[in-house]
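S.K.: Put chain B on the given structure of chain A with help from the hints.
Protein chains in written order, with my numbering: chain A, 173 to 705; chain B, 173 to 705.
One or more of the hints may lead you astray.
As the list claims (entries may be wrong) - Selected chain B positions facing chain A (in silico; Cβ < 10 Å): (1) T335; (2) H391; (3) D394; (4) G417; (5) G428; (6) S429; (7) G434; (8) W476; (9) Q584; (10) D594; (11) R595; (12) L637; (13) P677; (14) D678; (15) R689; (16) V691.
Calculated directly from the structure, the hints in this document are not laboratory data.
Positions of the beta carbon are idealized from the N, C-alpha and C atoms, including for glycine.
2 protein chains.
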Amino acid sequence: MANTTERRSFWGWGLAADEPTQADRDKLAGQLAERYGVEVNAGPTPTIDEIDLRPTRLTPPDSIAAFCSTDTWDRAEHTYGQAYPDRYKAFNRQFDNPPDVVAFPSSDDELAAAMDWCSEVGAVTIPFGAGSSVVEGTNVPDDRPTVTIDLRRLDQVLEIDETSRAARIQGGALGPAIEGQLRPHGFTLRHFPQSFEWSTLGGWIATRSGGHYATNHTHIDDFVESTRMLTPAGWWESRRLPGSGAGPSPDRMVIGSEGTLGIISEAWMRIQRRPSYRASAGMTFPTWEGGCEAVREIVQTKTWPANLRILDPGQAQADAGLDGTETLLIIGYESAELAQGDNIHTAVEIARGHGGLIDDEAIQVSGGDAKPTGRGGAVGAWRDAFIGIDMNTPVSLGLISDTFETAITWDQWPEFDAVVRDRMTKVLDEVCGGGRLSCRFTHVYTDGPAPYYTFVGMGSQGSELTQWNEIKQAANEVLIDAGGTVTHHHSVGRMHRPGYDRQRPDLFAEAYLAAKRAVDPQGLLNPGVLFDT
Amino acid sequence: MANTTERRSFWGWGLAADEPTQADRDKLAGQLAERYGVEVNAGPTPTIDEIDLRPTRLTPPDSIAAFCSTDTWDRAEHTYGQAYPDRYKAFNRQFDNPPDVVAFPSSDDELAAAMDWCSEVGAVTIPFGAGSSVVEGTNVPDDRPTVTIDLRRLDQVLEIDETSRAARIQGGALGPAIEGQLRPHGFTLRHFPQSFEWSTLGGWIATRSGGHYATNHTHIDDFVESTRMLTPAGWWESRRLPGSGAGPSPDRMVIGSEGTLGIISEAWMRIQRRPSYRASAGMTFPTWEGGCEAVREIVQTKTWPANLRILDPGQAQADAGLDGTETLLIIGYESAELAQGDNIHTAVEIARGHGGLIDDEAIQVSGGDAKPTGRGGAVGAWRDAFIGIDMNTPVSLGLISDTFETAITWDQWPEFDAVVRDRMTKVLDEVCGGGRLSCRFTHVYTDGPAPYYTFVGMGSQGSELTQWNEIKQAANEVLIDAGGTVTHHHSVGRMHRPGYDRQRPDLFAEAYLAAKRAVDPQGLLNPGVLFDT
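Here chain A stands alone, though its shape is the one from the complex:
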């Protein structure tokens, strides 16, 4: 299947052509060696001829063979997502449990034929968008014969309803493909997760992806008008409606199903006119607590800023070059129709009441006939950092770097933060002999923030996976112990199961599993995700 699109890396993030060079890696190795005072070995990146896969145990029948692959590259590429253990194992040439077959259907009929064959031969069936799961959501779960169904050929915006501001989009469309097809019509989906380039509409819906908007409509959930999903028992398709109160929402059972019920082949999505009015401010605070209180007051006034992201001093230093003592708050408003100057000034005044600092002339306002005002500053630096991350190199050099994210009500904040920091700092000390932990809010609600923690520590060569696992388990536990959710938008997958199993109501688990069995009686779809079977 490799010749149908530009080949993706089989071991790392992005295209093979964009893999880091040895020079890039040597340079970072030198920096890390200096920073941590340890030897860092930038051994060569994997090549496909080094990869030895278990022979495939399935032979697709003639009826579907034309869009199925048992090629080594394809199977290796679909063995892992982008979780830390995935990247570690892939870099270290460990592909112990690859799928047997990768199917690339390019129509609903081909998709149905592939799933029918899986049901017929009892093959585990893994829905695959673009493989950027950070929770082991697309990995082969056990030693049963497995087919991964990759939706990359279902990548079209099929219909645009300009009057209702909605579009019918296929499940396998990547972020840039969606935006590219909407842009000529003046529209945008405006769903920009950090994985934007390598994640798909179907993946976003299946995992309750968190997107562009920091307030009000934060998850993809709120933009779904209807869904079309193929299950082993057939098609599950909801009616296109702007709102409904007819029983429990059929879409809300699909949203967050993480591939356990079926494969989302398309959805009608609410889209937006491309914004032309913008207003933003990057404000610093002498204290993290003051900044958080500003965020709470701003979100509770319900002017619904598109951006309301606060970075603690460590995060602000790493992402925006601040001095390591200041907290940074980025506030942004946008609209296709209305000037946003009043909104930004209101929010800035609230933030100033909590110690927030910004010069009036640094507040940026643009759009309409008015001349743009204000200058960039911290906002621009932050934006560049957000999309410019190298996902491939650090893990290959022994750095243990990962994130965990949650949500918690305001009454538990900042105590929740103190508990998390205390526990995780101790764990980093124990496991890595120290490390860094920082926090930002990715999304904010009237009743609480969604804090996102980043940790970094240096691993010991050969022990990194064990070390990572200790840290990750501690994170899972502290989030649940302290009252949060085990994930706000990265989804459950296989990695968050221990915390998730404690968090969800037991009877809900039983009820949803019964629902799954109704449409997937053999339990073939993505076992291990959400449930053991």
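M.R.: Chain B only, in chain A's frame:
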């Protein structure tokens, strides 16, 4: 149980003390006789000694007897909701299928004891909030022994978290009780369905009630932070979280469950500071189409007005005394923190662009230090009409008056409206020899409106139920045929089943039914609602 609260009417809306007098009814009878040119007989309202109930078939054990009743009044009062057939039958002393026992638990333990007993004896179990279902959601479905569990004694706001703006509220709390307990703290839930006085938090959540806000967060769904529900298999309780992406939402399976999974005993709800800033405008349009286009443009600019309700000429005449040619649009903004003058002027300008008329001095703005500006006019008249409806008298005089509501994407509007009016006008002609049909939008989304139709026709004495049924079935059919939802916020109950069964995805029905069976294996909870069993 009657002496524990002021007694409610056993046959009509509200308290027994508020039942219409014979003089009121004679007056309306005279008006109807004149309007329709028929004889209208205002026969006397029912008295409890006229009601003859089937003997009860269940005897509550001593352990729960103290909060259970087999009293005639209690059983009659719980036989019906407030649907047209309910009111018709109750007025006509037809109580063929009453519950055998009504339980009034006042704690979670009593609630569990009541449900356990139902499971033990295999009694059909009907959750009952305040009995204002208009879709036969609380009626006894068949001839099996039946226990109705009335939550009126679980009526407390248990906790207020002022920091997060959330409150823990019991499922049986009526609208006024909730507001009464929040008001001293400066908060409000701001959920004001037309049934506000006689509906409960648990009922709102179970039925996906549509509330105060015409845009953005329209259903109760969006205000639910967590739920606590008792099922026959035990408690289902979700974690209190401002947002989460951990698997499919457990709450969204409860929201809209209509009593088929369990009884919602309490929920953490997002609450609001009481608004102090308000801005509103009542605008007239020479055409219904122009007004609807104005609504679309206003909602798509996302300033999220709390009110954005448009009334067609017939509705505007009935509710606000306009002349029957003009369309009326009510726009309202509100906030606890920010002045809303700019928002209302923006919306008014958009509406003027579509032919909307209002004098500048009629735009009302109030709050803060500024002197209130503007005068009332059409807005005040409309508000009085909304809450002043006499639910009891018309049906007792032979008038067939009811509503149906839906939602549809903008691309189908106004063709959808034309199809509905054409079909329903013909049906009213055939069935009642004419009648009136009018429309308003109760809620509006960026991708479409939620139209709400009211119909009125004069029935033939003794045939009213058959006539109503013909009209209602036609409404169900035309909504589904034309692409809408069978209900936007009245819920499915038993009445909307024919349309609902066509509307929902078949596999979703199978999956949700399997989920129900996991927590209600005997199928005792509210059978007939959503599903046959």
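S.K.: Hint by hint, note whether the structure agrees.
M.R.: Going down the list of hints, with the structure as the test:
no. : hint : result
1   : T335 : holds, 4 Å
2   : H391 : holds, 6 Å
3   : D394 : holds, 9 Å
4   : G417 : holds, 4 Å
5   : G428 : holds, 4 Å
6   : S429 : holds, 6 Å
7   : G434 : holds, 8 Å
8   : W476 : holds, 7 Å
9   : Q584 : holds, 8 Å
10  : D594 : violated, 22 Å
11  : R595 : violated, 19 Å
12  : L637 : violated, 24 Å
13  : P677 : holds, 5 Å
14  : D678 : holds, 8 Å
15  : R689 : holds, 7 Å
16  : V691 : holds, 5 Å
In summary, the numbered hints that this structure violates are 10, 11 and 12.
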